[in-house]
Amino acid sequence: MSDESLPHIDPTAPVRVSRLRAIWDNDLTYSFRTNPVAVVSAVVVLILLLSAIFAPLIAPHNPFDPATLNLMNAYSAPSTPNQFTGDTFLLGTDDQGRDVFSTILYGMRVSLFVGITAVLLGMVLGVTMGLLAGYLGGWTETIIMRVADVQLTFPSILVAMLITGVAKGFTPVEYRDQMAIIVLILAIGLSDWVQFARVVRGATMVEKGKEYVQAARLIGRSSPAIMLRHILPNVMGPVLVIATISLALAIIAEATLSFLGVGAPPTQPSLGTLIRIGQGFLYSGEWWILVFPACTLLALALSVNLLGDWLRDALNPKLR
Amino acid sequence: MLAYTIRRILQSLLVLLVVGLVAFSMFRFVGDPIDNLLGQERTDADIERLREVLGLNDPFIVQYGNYLIGAFQGNLGISYRQGRPVAEILLERAPATLELAFVSGIIAVVLGIALGVYTAIRRDGILANVIMSASLIGVSLPTFLIGILLIYFFSVYLDLLPSFGRGQVVRIGGWSTGFLTSSGLKALILPSITLALFQMTLIMRLVRAEMLEVLRQDYIRFARARGLNERAVNFRHALKNTLVPVVTIIGMQFGSIIAFAIITETVFQWPGLGLLFINAIQFVDIPVMAAYLMMISVMFVFINLIVDMLYFAIDPRLRVDRSGAH
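Chains as they are written, first to last, in my numbering: chain W, 341 to 660; chain F, 52 to 377.
It should be emphasised that the hints constitute simulated quantities derived from the structure, not laboratory data. One or more of the hints may lead you astray.
[To be verified] Per label pair, the in silico range of CB-to-CB distance:
id: 1; chain 1: F; residue 1: Val113; chain 2: W; residue 2: Ala565; range: 44 to 50 Å
id: 2; chain 1: F; residue 1: Arg59; chain 2: W; residue 2: Leu460; range: 33 to 39 Å
id: 3; chain 1: W; residue 1: Gln518; chain 2: F; residue 2: Arg267; range: 54 to 60 Å
id: 4; chain 1: F; residue 1: Leu72; chain 2: W; residue 2: Leu360; range: 52 to 58 Å
id: 5; chain 1: W; residue 1: Arg486; chain 2: F; residue 2: Val113; range: 23 to 29 Å
id: 6; chain 1: F; residue 1: Val69; chain 2: W; residue 2: Arg516; range: 24 to 30 Å
id: 7; chain 1: W; residue 1: Arg557; chain 2: F; residue 2: Arg59; range: 57 to 63 Å
id: 8; chain 1: F; residue 1: Ile57; chain 2: W; residue 2: Leu386; range: 51 to 57 Å
id: 9; chain 1: W; residue 1: Arg516; chain 2: F; residue 2: Asp97; range: 26 to 32 Å
id: 10; chain 1: F; residue 1: Pro110; chain 2: W; residue 2: Phe510; range: 55 to 61 Å
id: 11; chain 1: W; residue 1: Arg486; chain 2: F; residue 2: Ser233; range: 49 to 55 Å
Since this is a predicted model, take the numbers as computed values, not measurements. Ideal Cβ positions, reconstructed from N, Cα and C, are used throughout, including at glycine.
Throw the hints in and build the complete structure from the sequences for me.
See below:
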C-alpha cells in the first residue's frame, strides 16, 4: 500500500513496474477481477448509480413538472403506443400519465441519496463512538456500550420507525413533507451506528496494545491524534465491509419505510414510494407500475449485497 | 448460576427503566398534551387546572415515576386519535398479532430445521442446492415485496386466498380468534408465510452450517464405526448438538417476528398491533407509540432473559466457564 506512491522496483525483474500495474496486481484488485459475481455486481451498481446521478439528462420526461404531463397518456402499457395520443413509453405510464422509466430514475436518486447519506451518518457516529470506547475505556466505554446494547435489543427497522415518529411529532404539520427526507436519513443513520461502534471498539482495543501506538504515545502525541491518525487507518478494513452491507440494508430500510407510508413523501417519491403507489394497481392489471420499480430495487439491493459479501471475503485473511 | 441470574435480571430491569424513560420523554415532550386534550375555547384557568390534574407541574423524576407506576397498572394514557384508553386498544389488537406471530414462528422453526437438516445431510444433492440458492434470494427480498408477490400469485392470479384482513373471527372472552373459522384460517395463510419466510431461511442456513460442522467431528465417526444406523447418527447425535446455538437464534428471532409483523400487517391490512403502530406514526399519535414501545420492550427483554437462561441450562460447559470467570 505504502509503496504505491513511489515507483516500485522489483529486484528480480529488470522492468520497472508502473503505478497502474501495481494497482492491477494488488491483492484486492486480483480477487475482484477473478470473481465474476463481484464484477457483474459492480457493473450493475455503477450503471444504476450513474443513471441516478444523471437522471435529469437520461430521463425522457421530468415526471414532477406538471406542464409536461398529459393525462391522456395515463395507463399506457410498456412499449405500446397509447390508444389516445399514440405516444410510446418504454416502461409504460402510471395513473397520472407519468413515464414509469423516468419516475424510476428520479426515485432511485432519492433511494440512493438517502441510503448513502444515512450510512455515512451511521458510520461517522459509530466509528467515533467505537474509537472513544475502545481507546479511552472506563466510564466512556461503559456508557457507550450500554446504550449500544439497549439499542441492539430492538431490530433496527423498529428503531428507525420510532425515530421517524418522534421526529414527525417535533416538526409542524406544514413542514413535514419537506423534512421527510432529512428525517429518513436521521432515522436510518441513527438506527445502524451500533454495528460500526462494536467492530471499531474491538479492533481499537487490539490496536491499542501494539508497539506503534505505544511509540506514538511516547513521543507525546495527543489522544485525538493517536485515535485519528494512527488507529483509525488500521481499523478501516472492517468498517468498509460493514458500510457496504449497511448500504444494502439502508436501501431496503428506506424502501420499507416509504412503502409503509412513513418515509419519502409522494412529492419526492423513492423506489419504496413508487412500489406503494404501484401496489394499488395490482388488481386492475397495470402490473408495470409496480413491477419495474420493484425489480430496480431488487437489482440494486442484491448487487450491493453481493459486492459486500465479496469485500468481506476478500478482506478476511482467514478465508484466503 | 444464581449470581449470574440475578445480575442478568438486574440488567434487564435497567434496560426497561431506560426504555421507560425514552417512552415517557416521548409521551411528555413530543407535542403538548394540553393542546391535544383541550379544545380551542380554553381559559388560562382550565390549562392550569389540567396541568395540575395531569401532574405536569411535578418535578421530572416524580412524573417519570408516576408514568412507570401507571404503565405497570395498565394506565397508558389516551390515544390522541381515537380518544380511547391506549391499554384498551392494545388489548383489542393483540390477539391478531399474537396469532399471526405464533403461526409464523412455528412455520419458521419447523420448516427451517427440517430444511436445514436435509440440506446438510444431502449436501451435494440437486434439491438441496436448489433450496440453498432459493434461500439466497429469499434473504435479499424485502418482506413487503414477498407479501406483494404472494398476493399477486395467490389472490389476483389464482384467486384462491384472501389478500387482506383476518376473515371471520370468533370471540372467546376478550380474545378474538381466527383459528376456528375456515375464512379465518384461509386469511392466515399468506401473511404467516410472508412473515415466516425470512426467519425460516435464517434458521435453515444456521442449522445447515452447524450440522455440517458437527457431522465432521470425531464422535460422529465413532458413532458410525459403532454400527449405528444413519438415522440414529443424524438425529440422536448430530441434530441434538446442533440445537444449542439454534435455540438462541430462534429466541432472538421471535423479537424480529414481532417487528416485521408491522410490515406484513400493513401489506395485508391485518388488524393487529403493527398496523396500529404504523398508523400511530402516520398520525403522530404519541401515547400509542410510547405504549407500543413499552409493551414490545417488555416482551423483548423477557425473551432475551429466558433465552440466556435456557442457553445456560442447555450447555453445561457454560456453567463452569462463567462461574470461573466472575
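To see whether the hints hold, each was checked on the structure:
no., hint, in the structure
1, F:Val113 to W:Ala565: 44 to 50 Å, "holds (46 Å)"
2, F:Arg59 to W:Leu460: 33 to 39 Å, "holds (36 Å)"
3, W:Gln518 to F:Arg267: 54 to 60 Å, "holds (58 Å)"
4, F:Leu72 to W:Leu360: 52 to 58 Å, "holds (57 Å)"
5, W:Arg486 to F:Val113: 23 to 29 Å, "holds (25 Å)"
6, F:Val69 to W:Arg516: 24 to 30 Å, "holds (28 Å)"
7, W:Arg557 to F:Arg59: 57 to 63 Å, "violated (37 Å)"
8, F:Ile57 to W:Leu386: 51 to 57 Å, "holds (55 Å)"
9, W:Arg516 to F:Asp97: 26 to 32 Å, "holds (29 Å)"
10, F:Pro110 to W:Phe510: 55 to 61 Å, "violated (24 Å)"
11, W:Arg486 to F:Ser233: 49 to 55 Å, "holds (50 Å)"
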